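Colleague: Model the full structure from these sequences, guided by the hints.
This is what each chain is made of:
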Amino acid sequence: MALDHEEREQLAALKGWWQEHGNLVVVAIVAVAIGAAGWRGWNWYQNKQSLEASALYEMLTRAVQASDAKTMRDASGALAESYPRTLYASLGALVAARYDFDHRELKDAKAQLEWVLERSRSDDLKDLARLRLAAVLLDEKAYDQALKQLDAPHGDAYAAQYAALRGDVLVAKSQTKEAQAAYQVALDKAGKDDNAFRQSVQIRLEALGG
Amino acid sequence: MFKFVEKQKLLIQILLGGLALTFATWGIQSYTQFRSQNDTVATVNGLKITQREYDDALQRQQQRLRQMFGDRLDLDALDTPATRRALLESMIDNRLVAAAAAKARLAVSDDTLREAILGIAAFQENGRFSRSAYEAVLRSQGMTPQSFESSMRYELTLAQVSTAVTHSAIAPRSVAARLAKLLEDKREVSEALVPVQQFMAQAKVDAAQAKAYYDAHQDEFRIPERVRAQYVVLSGAALAAAQPVTEAELEQAYEANSSHYKSDEQRRASHILIQVAPDAKEATREAARKKAEQILAEVRKSPGSFAELAKKYSQDPGSAEKGGDLGYFDRGMMVKPFADAVFSLAKVGDISGVVKSDFGYHIIDLTGIQPGHTRTLNEVRKELTAELQKQKAARGYAEAAERFSNLVFEQADSLQAVAQRYKLKLQTTGWITRSADKAPPPLNNGKLISALFSDDVLGKKHNTPAIEVAPETMVAARALEHEAASLRKFDDVKSAIEQDLRRQEALKLAAKEGEAMLSKLRLGADAGLKWGAIRPVSRREAKGLSPDALRRIVTADVSKLPAYVGADKDDAGYAIYRIIKVIEPDKKTDAQMATDVANLERAEGGADYDAFVASLRKRADIEINEKIIERK
Chain V
0 MALDHEEREQ LAALKGWWQE HGNLVVVAIV AVAIGAAGWR GWNWYQNKQS
50 LEASALYEML TRAVQASDAK TMRDASGALA ESYPRTLYAS LGALVAARYD
100 FDHRELKDAK AQLEWVLERS RSDDLKDLAR LRLAAVLLDE KAYDQALKQL
150 DAPHGDAYAA QYAALRGDVL VAKSQTKEAQ AAYQVALDKA GKDDNAFRQS
200 VQIRLEALGG
Chain G
0 MFKFVEKQKL LIQILLGGLA LTFATWGIQS YTQFRSQNDT VATVNGLKIT
50 QREYDDALQR QQQRLRQMFG DRLDLDALDT PATRRALLES MIDNRLVAAA
100 AAKARLAVSD DTLREAILGI AAFQENGRFS RSAYEAVLRS QGMTPQSFES
150 SMRYELTLAQ VSTAVTHSAI APRSVAARLA KLLEDKREVS EALVPVQQFM
200 AQAKVDAAQA KAYYDAHQDE FRIPERVRAQ YVVLSGAALA AAQPVTEAEL
250 EQAYEANSSH YKSDEQRRAS HILIQVAPDA KEATREAARK KAEQILAEVR
300 KSPGSFAELA KKYSQDPGSA EKGGDLGYFD RGMMVKPFAD AVFSLAKVGD
350 ISGVVKSDFG YHIIDLTGIQ PGHTRTLNEV RKELTAELQK QKAARGYAEA
400 AERFSNLVFE QADSLQAVAQ RYKLKLQTTG WITRSADKAP PPLNNGKLIS
450 ALFSDDVLGK KHNTPAIEVA PETMVAARAL EHEAASLRKF DDVKSAIEQD
500 LRRQEALKLA AKEGEAMLSK LRLGADAGLK WGAIRPVSRR EAKGLSPDAL
550 RRIVTADVSK LPAYVGADKD DAGYAIYRII KVIEPDKKTD AQMATDVANL
600 ERAEGGADYD AFVASLRKRA DIEINEKIIE RK
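So the sequences go chain by chain: V and G.
Using numbering that gives the first Met the number 0, the letters of the first sequence correspond one by one to residues 0 to 209.
Using numbering that gives the first Met the number 0, the letters of the second sequence correspond one by one to residues 0 to 631.
Derived by calculation from the structure, the hints in this document are not laboratory data.
You may find that some hints are simply not true.
What the hints assert, rightly or not - With a cut-off of at most 27 Å between alpha-carbon atoms, the simulated DSSO-like pairs for lysine-lysine come out as follows:
(1) V:Lys172 / G:Lys290
(2) G:Lys626 / V:Lys191
(3) G:Lys559 / V:Lys176
(4) G:Lys311 / V:Lys140
(5) G:Lys617 / V:Lys125
(6) G:Lys290 / G:Lys310
(7) G:Lys617 / V:Lys147
(8) G:Lys519 / G:Lys580
(9) G:Lys290 / G:Lys300
(10) G:Lys185 / V:Lys176
All values derive from a computational prediction rather than experimental measurement.
Modeller: Right, here's the structure in full:
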């Protein structure tokens, strides 16, 4: 196909433009490609970390089911040591805390929960860890420390449970009036669903004559 | 064209560059994801839940319901705005948790995924995973292994988060113990009733009140829409029964299947096995044989204790526990030397010598003989006839079902034609409403009832389509008579309303009288009541008390006994309860305490997960397409 004059001129202009800017274009493409490769590499690394942490976490939950304290501790230690920034490390610590609590190792349970409070990157898991830390402290009869944890700021979604536990601590301290108020807050904040939690708080409140 | 390129050079360069980069870094598959369905049910943080995903979830839910309640369930009636919203909300919850998991790069390992799939019963044959069953089940659900595995991965990752949050809840033992005590503290109560009947005469209700009630509560007086239907049933069984079977056919089928009717002799035996591997050394073999000989001597001395000796000596793990019993078997089921030995014994109770097989040395006790037998044609005539009829009908049924469907559709104004063609009986029903589960069989089928109440049937007076209500059973129906929903006339219900209102009034009077008695009783006076039997009740054991009465009893101030509380007792009147004694629960066993703790853990764990999801929701941007939820 023969090109007419105008088209030949345009082609020449295009070639000229390429000679002038070609290098810049190539450099830009290479830079973007390197950036993209770096981004993918970072992703790949993160995913690899997460998969390794996932395997450790599964090992931990299996050990908990099998009541294998040693494996549980090994896995939980490795998670906290090598993958502290993964969500698995936080989940693992919560599960380990429950295991310790069930086996009346309250100190270890507290240490796991405190680790979540200090190191976790999830505010939700921190709120849960704090709530559970207060629950352990209640069983240790460290009532004021428990109340201090419950006073700390937390997400509104957790308000009902924080209030219910506050009621429990106040009952233990024989502060009936305050406990009633706390349980009432818990009921107000809990959803409308008549679930097991709500019923349980209702009974605790009624028992105080409220 | 070039002119355009030149003018828009920069733009086109950027476009082309961008395009190349997207392919380089994203891969092509993301493009396919842009082809979303137009109908979006909800958007969660910018990600859509499409109509199709919603429909899939709905279908899975309905499948579960069907498995639980069977075919009679009218699923259409369960598809209300409220149920649609509940399903959608739970899908949104799952989306949020899955998104949070994905953001935190949670992912279950391939091993876990494999294990989960291997453990699913639907994919197993004889208790083991079967690749072909796996693929067949997926095909039937319209899924590929890839799509199934990716949805499994989604579910498992979701479960990883939900179990971690739920199962790590901490239930303070002090709270669990206190709750358990509250649930179990018993109070001995005796009940006295202030009966409503005493006040019926005093209670006055006039016609105006009854009319006002009728006007305000019309829903109670509605008669639902109803029809009387005519129907025909085409069933495989009926078709089969109508199939003629000739003597010649019977004989031929009997001959062809004669092996089917012949059973070989079966024998039952117990054995004691001394194991020797087939490749064992001569010395080992000899030692085993000696041992077997010794046992044989012992057996011969007291043949009656064969079972005990088998338990003691036999090295066959499958049978030793059962006293060596192997049950009935025929020749082919056992290794040859063993079978030969068993079948050469003359009568029950005979004991073999030491028999050598690939497993080692056996001592065998014959415990039963079932002689072989060939059933004659006359013995099997009935079942064989039924079988042949079924075969003939099965070939015919599929064809008949299709023609039946067509005929019902083509001659939509009557069921006469189809009834004549297939010699079916035209049957009629009494009045039936839209609730399929209350309809008489075989019309108690949700799909059929929906069809019966459709415009096509009620308005145009057509037949329903032929609907398969059970395997090989098709029903087609039409409406003979139809009544729209209506309201019962006031005059028809007036006296019932008056009676009801009078009772309400009397109940109020009874309560008033009861409360007066309560005050007297509390002051120590005798109200002249008749007290019932004393029974212990607790929050855990309500013994038929209403929740309100129970709550009043367990929360009553018992610093002074007897204490008195009162509560309405349904329609009977006002009940007064005398609390006589408080009984502390017995000291608990560890197992009981573990249950108490587990109960609290469940409550706390559930609440923790709900709060976790609620917290994600607070930060999320959720839009729900109300039109789809509210559609009728």
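Colleague: None of the hints should be skipped; say for each whether it holds.
Modeller: Hint by hint, here is what the structure shows:
{"no.": "1", "hint": "V:Lys172 / G:Lys290", "result": "75 Å, violated"}
{"no.": "2", "hint": "G:Lys626 / V:Lys191", "result": "25 Å, holds"}
{"no.": "3", "hint": "G:Lys559 / V:Lys176", "result": "22 Å, holds"}
{"no.": "4", "hint": "G:Lys311 / V:Lys140", "result": "58 Å, violated"}
{"no.": "5", "hint": "G:Lys617 / V:Lys125", "result": "17 Å, holds"}
{"no.": "6", "hint": "G:Lys290 / G:Lys310", "result": "15 Å, holds"}
{"no.": "7", "hint": "G:Lys617 / V:Lys147", "result": "26 Å, holds"}
{"no.": "8", "hint": "G:Lys519 / G:Lys580", "result": "20 Å, holds"}
{"no.": "9", "hint": "G:Lys290 / G:Lys300", "result": "16 Å, holds"}
{"no.": "10", "hint": "G:Lys185 / V:Lys176", "result": "25 Å, holds"}
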